[in-house]
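A.B. asks: Listed here are the chains, written in short residue letters.
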Amino acid sequence: MNLLLLLILPLLSAVAILLVGKGTASRLISLAGAFGQLVLVGWLLFMFLQFRSNTPTSIYFEQIYQWFPTWAIQFHIGVDGIAISMMLLTSLVVLSGILVSWKEDKYPQEFFFLLMLLSLGAYGFFMSRDIFTLFFFLELAVIPKFLLIGIWGSGNKEYSAMKLALMLMAGSALVFVGLTAIYQETHTFDLTQLAAIHFSQSFQYLFFPLLFAGFGIFAALFPFHTWVPDGHASAPTAASMFLAGISMKLGGYGCLRVASFLMPDAAHYYAPIIIGLSACAILYGAFVTLMQTDLKYMNAYSSISHCGFVMLGIGVFNTTSVYGAILQMISHGLMTALFFAAIGMVYYRTHTRQVNEMGGLLEKIPFISTVFMLAGLCSLGLPGLSGFVAEMTVFIGSWENADVWVRVATVLSCASIVVTAVYILRATGKVIMGPLRSSFSSLRDANWYEKCAAFFLLAGILIMGVAPFLLHYITGNEAASIVSATSTVMFNK
Amino acid sequence: MLLNNWLILKQELFLTGIIVGILVLWLASDLKKETWISILNIVLFINVCIPFIRFDYGNIFGDMFQTSPLIVFEKVLLSFAVWIISLFSYDWLKKLDHLPEFFVLILTSLLGMYFMLSSGNLLLFYLGLEMSTLPLAGAANFEFGSKKSAESAMKLILSSAFSSAILLMGISWLYGMMGSLDYSVISTQVGHSPLSILAFLLILSGFAFKISAVPFHLWTADVYEGAPVAVTAFLSVVSKSAVIMVMIPFFYQIFEEKIDVWYPAFIFLALASLLIANLFAIRQQNIKRLLAFSSIAQVGFLLIGLSAHSQTGATSVLFFLLIYLFSNLAAFGVVSILSSVYGKEDIIQLSGLYKSHPFLSWVLALALFSLAGIPPTAGFFGKFFLLLSGAGVSNTSKYWIIGFAAMNMVISLYYYLIVVKTIFMNQNPEQSEAYFPSTDPIPMPVRMALIICLAGLLVVGFLGGFYQHIFQLLNGIN
Amino acid sequence: MMPASAILFYIIAALILVSAILSVTSRKIFRAAIWLLFSLIGIAGIYFWLDMNFLAAVQIVVYVGGIVVLIIFSVFLTQGSGQSLPYPSIGRLFFAALVCLFGLGISIWSINQYGYRDAANEVGFPGMKELGKQMLSVDQGGYALPFEAVSILLLAAMIASIVIALKKSI
Amino acid sequence: MLNLTILCIILILPFTNFLVLGLGSRSIRQPISGYWASFTMLVSAVLSMNVAYLYFIQKGTINGIYPSVELLRYPWLVFGKNLSIDISIVLDPLTVMMLVVVTFVAAMVHVFSLGYMKDDKRYTTYYAFLGLFTFSMLGLILAGNLFQVYIFWELVGVSSFLLIGYYFTQPSAVAAAKKAFIVTRFADFGFLVGILIISYYGESLDIATLIERLSNTSSSQSILIQSAGWLGITALSWGLAMIFIGGAGKSAMFPLHIWLPDAMEGPTPVSALIHAATMVVAGVYLVARLFPVFELSHSIMCLITYTGLFSAFFAAIIACTQTDIKRVLAYSTMSQIGYMMFSLGIASHEDHYLGYIGSLFHLFTHAFFKSLLFLCAGAVIHLIHSNELGKMGGLRKLMPITHLAFLIACLAIAGIPPFAGFFSKEEILLASFHSSKFIFGIALLTSGITAFYMFRLYFSVFWNKDQQINSHHGEGTGTMLFPLIVLGLLSIGAGWVPFSNWLYKGNEPVQTHLDLLFSIAPVTLSLIGIIIANNLYRKPSDSPQNLSQVWGKLYTAAYNKFYVDEIYQWITKNVVFKLFGKIFSWIDKNIIDGLVNGIGSFVSNVYFFIRGIQSGKLQDYLLYFFGGIALGMIYFFYIWK
Amino acid sequence: MSHIPLQHILFFSSALFFIGMFGMFTRKNLITLLMSLELMLNSVNINLVAFNKYLFPQQTAGVFLALFTIIIAAAEAAIAIAIFIYLYRTHQSIHVDDASDMKN
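Sequences listed follow chains A, B, C, D and E, in order.
If you're matching positions, the first sequence starts at 0 in numbering that gives the first Met the number 0 and goes up one per residue.
If you're matching positions, the second sequence starts at 0 in numbering that gives the first Met the number 0 and goes up one per residue.
If you're matching positions, the third sequence starts at 0 in numbering that gives the first Met the number 0 and goes up one per residue.
If you're matching positions, the fourth sequence starts at 0 in numbering that gives the first Met the number 0 and goes up one per residue.
If you're matching positions, the fifth sequence starts at 0 in numbering that gives the first Met the number 0 and goes up one per residue.
Please note that a few of the clues may not be correct.
30 Å max Cα-Cα, derived DSBU-like pairs, lysine-lysine [said to hold, decoys possible]:
hint, chain 1, residue 1, chain 2, residue 2
1, D, K538, E, K27
2, E, K27, C, K167
3, E, K27, B, K146
4, E, K27, B, K31
5, B, K32, C, K27
6, B, K354, A, K21
7, B, K146, C, K167
8, B, K146, C, K166
9, C, K166, E, K27
10, C, K27, D, K616
11, C, K27, B, K146
12, E, K27, B, K147
13, B, K147, D, K616
14, B, K31, A, K102
15, C, K166, B, K94
16, D, K616, C, K167
17, D, K58, E, K27
18, B, K31, C, K167
19, B, K146, D, K616
20, B, K147, C, K167
21, B, K32, C, K166
22, D, K616, B, K343
Hints were generated in silico from the structure; no laboratory data involved.
Construct all of the structure, not just a fragment, from the sequences and the given hints.
C.D. replies: The following block contains the structure:
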């Protein structure tokens with residue numbers, strides 16, 4: 000299958016939205032586009048599985064085009080299991096994001112256009128095999144994010160949009176310096192070629208922190224996370240879903256695929272710091288979430304906590320933990336998107352996101368409340384839903400490291416499951432349970448599009464939660480190969 | 000002189016022809032403004048296309064005047080920018096009392112740049128430099144009725160005269176050491192005596208002034224703010240590009256041996272420009288001033304690229320200049336409309352622009368994003384390659400420099416985003432109606448200019464082949 | 000024993016410097032213009048002293064006859080000649096003097112460092128005829144191109160000056 | 000034949016109920032859903048008994064022991080080479096016993112709920128939740144993989160949450176549900192860490208493998224886990240202690256018991272199912288399951304013993320003072336589970352694991368009589384619409400069958416022969432007698448107190464003063480009476496099951512026999528308790544009140560549950576929220592976010608310090624211009640080279 | 000003339016240059032600024048001519064540069080004075096600091 004299709008489709012639908020214009024048409028086009036993406040990714044997955052059994056290589060559907068020969072920059076795309084599963088996540092989130100914002104009536108054309116652009120960036124990022132292209136797609140999403148939050152957001156939206164854009168830009172600035180250094184060291188941007196190169200230790204020690212912190216800002220690594228709460232809280236529903244569901248994964252994926260993968264020595268050297276920060280993010284994020292009363296802030300902070308698991312997995316960097324990190328990326332993507340969708344639906348009806356101003360919604364809007372509850376349960380790691388699978392894999396993985404520091408970090412991270420339960424139940428208890436407020440007595444339950452949106456995400460969560468072996472079938476080997484590839488590089492020196 | 004020699008000069012000759020033609024037409028007939036403008040736009044477009052008729056390269060006037068594919072390319076860029084400027088200044092030009100004179104001045108300036116680019120000799124270089132500046136000072140005064148315009152003209156002419164006096168002093172000392180003004184002679188015998196360093200510093204300051212690098216930049220903001228938008232655009236795009244284009248052979252070839260002087264100097268200028276300009280730009284209320292500081296910051300990036308002292312560095316600089324041309328002209332195009340509606344250019348007046356003028360809003364926003372270096376706009380590629388080549392030197396602290404520049408990109412993003420925010424997110428002061436009246440349709444030429452710029456700033460970055468082409472043009476530059 | 004020409008040079012130089020200093024410090028603008036005039040004439044004298052007659056003539060024609068007159072006219076146009084110029088602030092004076100002295104010091108130091116060959120063999124310097132030929136020559140060492148170019152510059156300058164100076168103010 | 004299909008049917012039936020009824024909670028009409036669910040559960044129960052028959056009778060022993068049968072193993076989630084979560088179904092005597100108990104009690108509760116819940120709006124949802132619970136509980140007990148246990152452990156937790164919070168419009172129910180979930184979640188944290196420790200050293204998550212490796216003292220895993228340690232405690236003990244915390248949380252052992260009394264906010268049949276018979280004994284089940292491993296660590300066994308013992312005694316005392324019928328039952332549940340727990344703790348090979356057998360036997364019998372008690376209480380509450388003892392009294396005339404069932408259950412729990420409780424308790428007491436006199440003494444005392452408070456309950460509800468109940472019905476519907484009768488019969492008869500023939504440790508059944516002489520003491524003590532209760536509560540009188548005043552502070556403390564809740568509340572409020580939450584969010588807002596904003600505002604305010612450069616005065620510009628050159632001169636002439 | 004070392008002429012021209020620069024820094028009247036500027040340009044011309052005469056008498060580049068500088072200076076002066084006059088009309092002042100509306 001031609002991977003370019005996955006770039007062309009969002010681009011075409013974006014252009015079509017711009018050209019066709021007004022409201023309904025743009026909605027339909029974007030829906031068709033998003034659905035097309037899902038189909039394409041599904042088809043890609045199918046082809047991938049078929050090909051993999053025939054020809055075992057590490058990268059599939061590779062395409063290389065010369066782009067800037069002066070710099071040896073190629074437009075090099077290709078996928079493996081991890082990339083495909085991330086793309087699957089993207090397509091699900093985008094589709095449901097579009098469905099959720101079906102009734103967006105402020106500049107719908109532009110709204111859907113920007114969403115399409117965002118999805119383009121995400122696909123491109125995940126399929127890039129050249130870190131220049133990867134960086135290009137990483138930054139591509141800055142404009143849409145800024146505009147989505149700033150124009151369609153709520154609350155202190157301009158501040159949030161600005162903060163988000165600047166912090167992400169700062170992250171990519173760090174990444175950029177790292178990329179520059181890698182290029183000047185090797186004169187190539189190609190990931191496949193870079194993978195075979197062993198950087199000197201001093202080089203790794205110097206530039207790994209830059210790359211990791213840079214991508215870490217995207218992934219809400221602990222001290223760099225403050226864009227997350229404001230950004231997520233102010234963003235419109237679809238943008239929140241995208242931000243938390245996909246955008247933060249770009250960071251995790253980058254940390255894994257670029258930083259740790261290319262510089263395993265440094266990854267090993269800095270592992271205690273990364274692990275410490277991740278454990279801090281996990282527990283700290285959870286405790287801060289406890290104190291939030293705004294639902295979106297809550298979910299945003301809980302995202303910080305959950306993304307800590309991703310970083311923990313990457314920090315520990317063994318087969319299981321990396322696999323756990325990948326699982327957690329996917330799981331968190333689906334779950335947080337669902338949560339934001341549910342919050343959005345609630346907000347759309349009640350016009351408040353303050354936990355204390357709600358109550359008893361289960362009686363009036365059972366569907367949305369159930370979705371809300373399920374998202375919450377997934378977030379607190381209920382077995383049968385995706386969160387459990389991912390978190391447990393990370394725990395097991397990081398426990399495999401017998402270092403005391405890692406052990407302590409792991410136990411602290413495990414402790415977060417309690418705090419998570421506290422805040423999730425507090426929210427569900429206050430929002431959907433309890434006596435119904437009189438002002439909410441005339442709420443109407445979910446519309447078809449909201450149901451569809453929730454359905455897609457829920458399906459993902461449930462499939463992953465009930466049958467994690469399916470995902471293992473797609474990505475398990477890749478996680479192992481990432482770790483083993485780097486360990487051979489490490490020990491060859 | 001043979002015909003061939005004249006053909007080498009064809010761009011200059013055609014431009015001179017235009018100038019003379021304008022004067023003749025001005026004296027001989029009484030054309031309407033619209034006619035003037037359309038004729039000029041067509042002629043300027045032809046001016047852009049002239050070299051494509053036939054490519055002639057060579058040195059004439061005893062190597063005083065040189066052309067090469069690179070120089071022709073650079074001239075095309077400059078004349079293209081002038082064409083765009085004349086397109087988008089349509090509204091302003093229509094109201095201008097002295098339209099032919101204005102064009103005479105602008106085109107003389109362009110001619111000066113042609114000479115400067117083609118110069119093989121410091122005399123012609125100096126002449127070209129002055130020729131490109133002095134008429135502009137006059138043109139800066141063409142916003143008659145504005146006190147600011149006169150002030151900016153005064154500041155421009157006095158500070159540029161001051162800088163050229165200093166530059167000239169440097170040239171004179173250099174002459175005293177070399178005994179010749181020819182580049183070919185100078186490049187072979189640049190010494191390392193203190194006087195040569197001093198002379199070189201003075202010359203460098205002249206360049207730094209023209210490209211408005213910190214701390215030689217202080218005239219920039221004031222002049223940009225006061226001058227008519229067309230002149231500001233010309234100053235910020237054409238003048239600056241021309242000088243930077245000259246700097247490539249100047250420092251890479253003629254003063255190559257002086258690299259241990261100009262490399263640290265460039266780095267200092269670059270970092271200072273980035274930092275100071277960004278810090279100033281953050282708080283600007285006037286969009287022309289903002290763009291002035293932004294252009295200073297861009298110079299910081301350009302200097303980092305220039306400091307690379309390699310063919311790739313030069314390529315990145317030229318590539319970036321092209322992108323900068325599109326982005327900045329797009330921004331100024333929108334500003335010129337703003338200016339012609341209000342007579343002033345405060346950022347706050349862009350409030351709610353999106354409601355009334357989505358097209359203008361997108362153009363301005365994308366232009367600013369391109370200046371900020373954010374994909375998918377071309378500015379991303381431009382900056383990426385500039386900094387990437389800047390990291391190609393063998394200097395231990397190069398990554399600090401790149402990191403500093405990268406962090407400055409973040410700061411710069413802030414003020415660009417403020418404008419974008421104003422366009423898209425601010426409410427109109429009057430709830431009912433757009434602050435920016437949408438009654439007047441955008442005139443055809445302006446629309447055309449904006450579309451060209453928009454296409455340019457969206458597409459150019461992706462053209463890897465084009466980059467390669469520039470790279471080949473620069474063969475032999477180190 | 001210093002030859003007369005040398006003494007002449009020092010006298011002219013001193014005259015120029017003194018009048019230049021007076022020109023930049025005089026409180027009366029008209030006097031400043033006159034001191035400038037002296038200074039420029041002195042420079043023409045230096046050219047004569049250097050045997051550069053053509054240049055000296057140009058100096059007198061352009062500067063003395065042109066620019067200074069222009070300056071004096073503009074003084075008349077812009078203000079009464081009797082008006083005293085305001086004092087600059089002491090700090091500014093001091094600082095400017097400091098900076099200039101620093102610059103001068105550095106220049107003199109570096110000029111001193113640079114070992115100029117002593118006055119070279121007295122090859123006959125091209126005369127006015129030669130200069131004229133070179134001015135319009137298109138070959139090596141010819142200045143036809145700048146000559147033509149500068150004419151366009153002058154044209155533009157003229158047009159600019161006319162437009163600007165004749166424009167009625169707001 | 001014993002095969003996967005039959006077990007799958009048992010498992011899938013409740014799960015299908017959950018799915019179908021949950022999804023169709025609005026379209027499936029009221030009676031249909033209930034009847035369908037009850038029918039399927041009855042089928043499940045019958046099938047389970049069939050399984051028990053097949054396992055114990057038909058298949059029989061091999062070399063004197065009942066072999067464990069692995070019917071299913073599918074790698075569900077693979078973690079690297081050694082560890083994987085295999086979804087598995089393993090049958091061994093313990094499992095089969097639990098299977099029977101769970102399905103049977105669940106079926107009874109389903110049937111009972113037909114009547115009890117018939118007026119409820121979310122009737123179908125209720126059955127869906129019940130289905131989920133039953134499924135999870137079955138998954139838990141059938142698990143052959145430690146992590147699978149954890150998975151279903153969590154799932155039963157969430158079903159418990161859903162069912163406790165079933166009346167979600169009542170804030171108290173919501174609070175109770177949250178409390179139940181969070182407290183058990185806290186315990187699960189321990190469980191998780193325990194799993195991590197044990198699996199890391201045991202290099203497996205499979206229970207059988209773990210037991211095999213760890214109990215074989217010469218295996219490398221065993222040597223490692225015994226030698227590794229932290230803070231002077233071996234890794235094995237750490238792991239087991241952590242796992243026990245998990246079990247203690249679920250089984251409401253002190254100090255993690257606080258959720259159980261509050262959990263009574265749920266519908267009463269739910270309490271009968273989850274908080275009396277099945278879920279709360281999961282901790283006991285877990286310890287029993289891993290008993291061969293627990294056995295290895297003496298200190299942990301002690302921990303189990305004393306936790307259980309204290310909980311039993313502690314809960315019994317509180318139960319004497321409570322006035323809410325369900326709370327009394329809840330504390331009695333806690334007390335009984337404490338019994339089971341300490342009994343497990345004292346089991347050793349010296350007395351042929353009598354404690355182990357006794358514990359599980361008690362689990363078995365307790366399931367019946369305690370669920371019966373709850374269902375009776377449910378029937379009463381259904382009539383009275385209140386939980387308060389003060390509003391009840393004299394109900395024996397109105398609801399004779401319930402009365403009889405309740406009496407049977409009370410006698411059973413009080414350990415009066417020949418009711419079921421007698422046999423199981425007897426074994427526990429015997430084991431404790433063998434173990435330590437102190438434990439025996441406490442256990443005996445507790446047993447007496449149990450009899451007292453159960454009969455206090457009984458008399459208060461069914462005797463005492465006659466309440467004016469203006470109700471058109473006395474007994475509930477037939478569907479409510481049927482389970483009472485069945486369970487009543489079982490409460491009488493369950494003790495006669497030859498339990499120790501089927502479920503034992505070691506190579507052969509333990510010959511338990513009734514030592515009548517030994518039984519005298521506990522039975523007498525129980526009778527004394529009953530008599531005291533009779534005197535105090537049979538007729539309305541002031542004596543209970545006087546008595547409580549005599550006890551004074553102790554009574555108040557017990558009435559207030561010894562202030563454990565308050566301590567927890569103080570900790571949550573002051574430590575979790577005020578200390579961590581507040582401080583962290585303060586840090587986040589002020590330091591981290593403040594730093595980001597601070598950098599931002601610093602950068603944007605530097606302008607005000609440097610704006611003077613751009614003064615608008617030309618000559619300043621020129622000065623700066625030359626200053627730039629001068630800087631270059633200084634650098635190149637003085638610093639450079 | 001050969002008795003005068005080249006250096007002396009250069010010192011002299013440097014002095015003139017910095018006198019002019021001093022004027023640029025301190026004078027407040029725009030026209031006096033222009034005068035100072037002319038001094039600076041003239042000092043350069045002296046330099047050029049002296050170099051040409053002393054060191055490279057066989058060619059004429061210095062003289063020509065000086066010549067063109069004079070011409071350019073004239074053009075510059077013309078435009079500058081026109082601008083000053085216009086500025087005087089708009090600002091009613093020729094004081095350089097009066098024209099500082101644009102600043103930060």
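A.B. asks: Within a Cα-Cα threshold of 30 Å, do C/K27 and D/K616 meet the stated pairing?
C.D. replies: holds (22 Å)
A.B. asks: Is the hinted pair B/K147 and D/K616 satisfied, with a Cα-Cα distance of at most 30 Å?
C.D. replies: Distance ~13 Å between B/K147 and D/K616 Cα, so the pair holds.
A.B. asks: Within 30 Å, alpha carbon to alpha carbon, are E/K27 and C/K167?
C.D. replies: holds (25 Å)
A.B. asks: Given the proposed pairing of B/K31 with A/K102, does the C-alpha separation stay at or below 30 Å?
C.D. replies: violated (53 Å)
A.B. asks: Decide if the proposed pair is consistent with the structure: B/K146 and D/K616, CA atoms, cutoff 30 Å inclusive.
C.D. replies: holds (15 Å)
A.B. asks: Is the hinted pair C/K166 and B/K94 satisfied, with a Cα-Cα distance of at most 30 Å?
C.D. replies: Measuring from Cα to Cα gives roughly 15 Å; hence the hint holds.
A.B. asks: Checking one constraint from the list: CA of D/K58 to CA of E/K27, max 30 Å. Satisfied?
C.D. replies: violated (115 Å)
A.B. asks: Can you confirm whether the C-alpha distance between B/K147 and C/K167 stays at or below 30 Å?
C.D. replies: Distance ~16 Å between B/K147 and C/K167 Cα, so the pair holds.
A.B. asks: Straight-line Cα separation of E/K27 and B/K146 no greater than 30 Å?
C.D. replies: holds (19 Å)
A.B. asks: Does the structure keep D/K616 and B/K343 at a Cα separation of 30 Å or less?
C.D. replies: holds (22 Å)
A.B. asks: Sort out whether E/K27 lies within 30 Å of C/K166, counting only the CA atoms.
C.D. replies: The hint holds at about 25 Å.
A.B. asks: Does the alpha-carbon distance linking B/K146 and C/K167 stay inside the 30 Å limit?
C.D. replies: The given pair, whose Cα atoms are some 13 Å apart, holds under the 30 Å limit.
Checked against the numbered hints given earlier, the structure breaks hints 1, 4, 5, 14, 17 and satisfies all the rest.
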